[in-house]
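Quick mapping for you: the protein sequence lines, in order, are chains A and W. Going by the numbering used here, the residue at position 463 of the first sequence is 463; the numbering climbs one at a time, nothing skipped. Going by the numbering used here, the residue at position 98 of the second sequence is 98; the numbering climbs one at a time, nothing skipped.
Treat each hint with caution, since some may be false.
Here are the simulated DSS-like pairs of lysine-lysine, each with C-alpha atoms no more than 27 Å apart in a straight line [stated by the list, open to error]:
hint	chain 1	residue 1	chain 2	residue 2
1	W	K79	A	K46
2	W	K139	A	K42
3	A	K3	A	K258
4	W	K158	A	K16
5	W	K158	A	K162
6	W	K153	A	K162
7	A	K162	W	K152
8	A	K321	W	K152
9	W	K153	A	K75
10	A	K164	W	K153
11	A	K46	W	K27
12	A	K16	W	K52
13	A	K42	W	K153
14	A	K42	W	K158
15	W	K84	A	K46
16	A	K321	W	K44
17	W	K44	A	K46
18	W	K152	A	K164
19	A	K42	W	K79
20	A	K16	W	K152
21	A	K46	W	K152
22	W	K79	A	K12
23	W	K153	A	K46
No wet-lab data here; the hints were simulated from the structure.
Given next are the chains, with one letter for each unit.
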Amino acid sequence: MAKTLFEKIWDKHVVKQIEDGPSILYIDKHFIHEVTSPQAFKGLEKRGLSVFRPQQVVATADHNVPTLNQHLPIKDELSRIQVQQLIENCKKHQIELYGLGHPFQGIVHVIGPELGITQPGMTIVCGDSHTSTHGAFGAIAFGIGTSEVEMVFASQCLMQTKPKLMRINIEGELNKGVVAKDIILYIIAQISASGATGYFVEYAGSAIRALSMEARMTICNMSIEMGARGGMIAPDETTFQYIKGRQFAPSGESWNQKVQEWSVLYSDADAVFDQEIHIDATAIQPMITYGTNPGLGIAINGFIPVAESIPDEGERHTIEKALKYMGLESGKSLLGLPVQHIFIGSCTNSRIEDLRQVALLVKGRKKNEHVQVMIVPGSQQVSKQVQAEGLDKIFQEAGFEIRQAGCSACLGMNEDKIPAGEYCISTSNRNFEGRQGAGARTLLASPLTAAAAAITGVVTDVRELM
Amino acid sequence: MPIENIDTDQIIPARFLKATTRDGFGKNLFRDWRYSNDDESQPKVDFVLNHKIYSGEILVAGKNFGCGSSREHAAWAIKDYGFKVVISSFFADIFKNNALNNGLLPITVSDAFLQQLFQLSPADTLTVSLEAQTVCIDKSGQKESFEINSYKKTCLLKGYDDIDYLINMRTSIEQFEQQIA
């Protein structure tokens, strides 16, 4: 029977199917971090259990870490305790930890792929909704809650109901200035922040095939922002070339065997999806969001919708509430809006390719004097690469501040926050009220669009600077 | 709360996720919608949780409730505040699982029924029966049924959890591992 990519992987991981209930799904890799794991360890210990398969768990500290002076003790007491707890829990349960100071430390969804831990055909979970990122390698990867983290600790399995399947086909060549972030913001704007709830999404089509692994990760990363549990892309030569030679990638004879296994991971020609969407890549412009969910996005040269003209009451109310919070007006363009902060980082856009794109645009230019620009590489390895390529010099000359690896200003949890009422063009994934700090106003965009605004100090169409 | 797309960052802002236990999150439930300037002495008077008249155990909210972050702290905060049930016309997947794993019942009702609930007066009451899988408007006796898979229903009614089940499966899981190795 014809199968989708998802079904090929799912079926291989079902330990048992409970009648009129969930499947027991085997998990290959479990990533953990300091924020969503402590209660799971506590729960496990309360039951007198140890971690069932510690070698399949990898830990890092990312959400709650400072991005300056990481060699010093963390100033905030609660954050320090939480990070310390992770160290102790990992030690006690023999889990590999890439904590602060470790050369592999970084945002969990950046380090998994860059270390070659993330591989095609795997089931991967983490107590973090952006675990969907790893789907870029042709894996079933999704975010889970802390009780589920405890389940995986206890049994290396999860009870899961098989989701519905959606395929989003994107065909054609991308316009100048349009990158992966614009593709995914465009899709979410088309289908809304809940348009894929209940689904697992496969991205396909010529525009996807042409993307690098970093770009594919950006797209899969934001699957959750349209409600999808995960997103995935069939592995191909681009995938294999990315993985080859990485720290934990298979090597020697085992490499060839793995590539052979991975090569059958694609949706069969006559496989059936519950829903299919077709998108013309040439219709996509550089995107930016104006509202307080990632679905409220427009083309950079477009106009904010006129709230009064929206027939659905709930949707109208959502937009009115968002515009009030954002201090923006219906029907207006965002071009020229002064911004105070630029944040380039997060599990969506902090990989070396993102930073290369930014460097290429800002080389020889200076930031606007009214904006603060923060670049936060996704991992220690990305930082190292930035230096090796001399990108740090370009950023310094432009007046950008380069920080150490972590989730940083994406989530208003650690020291990096945006002040209330100020605008931030952010390459992260969420523009919810208060996401980057209480009262902060977030405009989501690509690294290119963020870099353009860093130079001009206002919302800018990056194509004017290219 | 007739608001759509209530995300988990609103339910519990990230700055309150630094705890290492599951307790005490109710205090910060909807923190930035409840208080001005993060100050408990400045409650926002127009926010529903600040009206004494709404004191029940059922939270009724607009569609796509619990979207965004996977933080289970959102379910813990709602439960700790005193809610036992959340009713909406549509829940985000991860939130729904988190709620069920914590004995907080997420009930999906039709859009039309949800709008009816929003039209009720603050003094009206609802009765939820998990056994019968119904939500009833007490005043009118009008009922709507809801779906829940029978495995989860049994877990909730009997207080079992998935971990109990999974631990008992360890032998089968080990066999499975040998098969795929």
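- Item | Earlier hints that do not hold, by number | When the structure is compared with the hints, numbers 2, 8, 9, 12, 17, 22 turn out to be violated.
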